[in-house]
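Chemist: Using the sequences and the accompanying hints, generate a full structural model.
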Amino acid sequence: MKLTRLLATAAAVGLTLTLAACGSDPTNIASGKDTSGASSSSGGAGSPIVVGSASFGESEILAEIYAGALKAKGIDASTHLDIGQREAYIGALKDGSISLFPEYTGNLLTFLDPKATATAPDAVTAALKAALPDSLTILTPSSAEDKDSLNVTAAFAAKNNVHSIADLKGIKGLSLAANPEFKTRSYGIPGLEKVYGITGIKFTAISDGGGPATLKALTSGKVDVADIYSTTPSITQNHLVTLEDPQHLIAAQNVVPLLRKDHDSPQVDEVLNAVSAKLTTQALLDLNAKFNGPDKPKAADVAAQWLKDNGLA
Amino acid sequence: MSIYSAAAHWLVDGAHWHGDDGFPHRIAQHLGYTALTVAIASAIALPLGLWIGHTGRLRGLAVGLTGALRALPTLGLLTLVVLWRGIGLGPPTIALVVLAIPPLLAGAYAGLESVDRATIDAARAVGMTEWQVLGRVEIPLALPLILGGLRSAVLQVVATATIAAYIGLGGLGRYLIDGIAVRDYPQTLAGATVVVVLALILDGAFAVAQRSLSTHR
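Top to bottom, those sequences are chains C and G.
All residue numbers for the first sequence refer to this note's numbering, where the first residue is 1 and numbers rise by one.
All residue numbers for the second sequence refer to this note's numbering, where the first residue is 1 and numbers rise by one.
Note that these hints are calculated values from the structure, not bench results.
Be a bit skeptical, because a hint or two may be false.
As the list claims (entries may be wrong) - Negatives, chain C to chain G, calculated, CB over 12 Å:
1. G197
2. Q267
3. L312
Stated by the list, open to error - Below, a sample of chain C positions facing chain G; criterion: calculated Cβ distance under 10 Å:
4. P180
5. F203
6. T204
7. D208
8. A213
9. T219
Cβ atoms here follow ideal geometry from the backbone N, Cα and C, with glycine treated the same way.
Modeler: This is the structure in C-alpha cells:
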C-alpha cells in the first residue's frame, strides 16, 4: 500500500517535471522551435541567414515568407520561430544567433526610444533608423501595418457618413470600446480630443485586445466604435469599416525587415524589398484569416502559398 | 520606492477617494454587484436546497451539480455569456451567480440533513404539518450551516466581482485591470488590497453573526 502510494507520487512528480519542461520560457531563446540547428552560430557574412519570429501567428508567417523568398533566390536561409518578447529577440539579433526579423516600425521605435513621438510612417522610419544599434539595420518598410485601428459597422458608417476619424466629430453620445489603456494613452481618448477635437466620448474598457467581446459590443450596437488590431480577420468577416487616420494619431506600424548589418548584401536587399513591395495590410489580413482558418495550416505552408501567388518563389 | 510603499501612497492619496474613479464609488459598485448576485443566487439555491434537504430527493444530482458548477472557470464563463448576450450587467451577474450557487445549495441541503431525525419525527408526532416541520424545526436548527453557505458565497463573489471590470463595468476590478493595462502596479496592488480588506470585513461580520446565532440557543 505504502509502496503503491510512493510510486504514484513519484509518477506524479515526474509528470509535473515533464510538463514544466514543455512550457517554454519566453526569455530563453533556446526554448524556441529551432528548425535550423544554427542557434549557436554567431553569424557573419557568408553564413546562412537565420530568420527569427515572435510567438504569434503573423510574425511566424512573415518569418517564413522572408526565409522562403531568400531560399527561392538561392540564398541559404532557415527559421528560428517563437522567440517570445522583444527583449529576447533583439538580444538574439545582437548576439548573432538570429540575423533577420520581421518587425513593426512603431513598436520597435518605442522599444529602442521610449520617448519617441513620431507617428507618421516616414517620420517613424526616420526616427527608427537613428535609434537602431550599430550592428542592425532596417530595409525599406512595407505598406502593411498591424496596429490599433478604429472600426465602425458598415451600417453606422453609412448612416453617419463616416470614413475617417475626423468624421466622428460632432456625433452626439459617441461610444467607444477598447483596451483599458486606451483611456490614458496618447493615441487614445486624450489624442482623440487633442488631435481630432472629439469630446464627450463614452468609453467602455474591454480587456480582450479587440477580441470577440469587443467585436460583439460593436456588432450588437452597444458601442459605435471599437479598437481592433488592423490585421484581425474579424474586420473583413464582419464587413467593418476601418476609419482612416489622416492626422496619424495612431503611430505607424509598418512591417519591416530588421537585419544584422553583417548579413546585409545587395542580393538580400533585393529579395526582401521585393517581398515588402507586395506586402499590404490587406495581404496580412488574408494571411491571418487563412492561418486561423478551419483547417489550421502551418505558417510555412501559408507563407509558401503567398510567395507562389505573388511570383516570389 | 518599493511597490508596496507606492501602493500605500496610492491608497491614501486623497485624489483617489472621490469622484467616479474614487474608492467610495468603486466600493459601492462592488458591493452592489455582490448583493445583486448573492440575492439572485439565494433565490435560486435556497428553496432548491431546502426542498432537497427536506425530501431527500435529487440529492445525488445536487451533489454532482454543485461539484460541476464549482469547476467552471468564472472568467471563461463570462466570455461565453458575453458572446451570447453582449456586454452589460447581465454577463458578469450570470457568471457570478453560477459561482455563488454551489456553496448556498450545499449549505441548505447539508444543513437540513444535519438535523437529528428523532427531532423531526417528534415534530411530526406532535402533529406539525410538513411546512411547520420545515419552518419551525428544520430551518432554525440548520441555520448555522445555511449561514455558513451564505458566508462562503459572499466571500467568493466579493473576491471575484473584479471580473466585471473585464468588460467595462465598474467595481474594484477597475483598479486591477486599468493598473495592469498601463503597468501602474501600485494602483493594481492598492485595488487588490481594498478587495482583500472588504472580503475580510464581510467574513468577520458573518463570523460574528454565526457565533451569536449559536450562543443564543
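Chemist: Against each hint, give a clear statement of whether it holds in the structure.
Modeler: Now the hints, each set against the structure:
The claim that C/G197 lies off the interface holds: its Cβ sits roughly 24 Å from the closest Cβ of chain G, which is beyond the 12 Å cut-off. For C/Q267, the requirement that its beta carbon stay farther than 12 Å from each beta carbon of chain G is met, with the minimum near 42 Å. With a least CB separation of 39 Å from chain G, C/L312 remains clear of the 12 Å interface cut-off, as annotated. For C/P180, the suggested interface contact is upheld, since its CB lies about 4 Å from the closest CB of chain G, less than 10 Å.
This hint holds: C/F203 has a C-beta 8 Å from the nearest C-beta of chain G, less than the 10 Å allowed. With its C-beta approaching chain G no nearer than about 4 Å, C/T204 sits inside the 10 Å limit, and its interface hint holds. Because the closest C-beta pair between C/D208 and chain G is about 8 Å apart, less than 10 Å, the hint holds. The criterion of a C-beta within 10 Å of any C-beta in chain G is met by C/A213, whose closest approach is roughly 5 Å, and the hint holds.
The interface hint given for C/T219 holds, since its Cβ lies 9 Å from the closest Cβ of chain G, which is under the 10 Å cut-off.
The structure meets every hint from the earlier list without exception.
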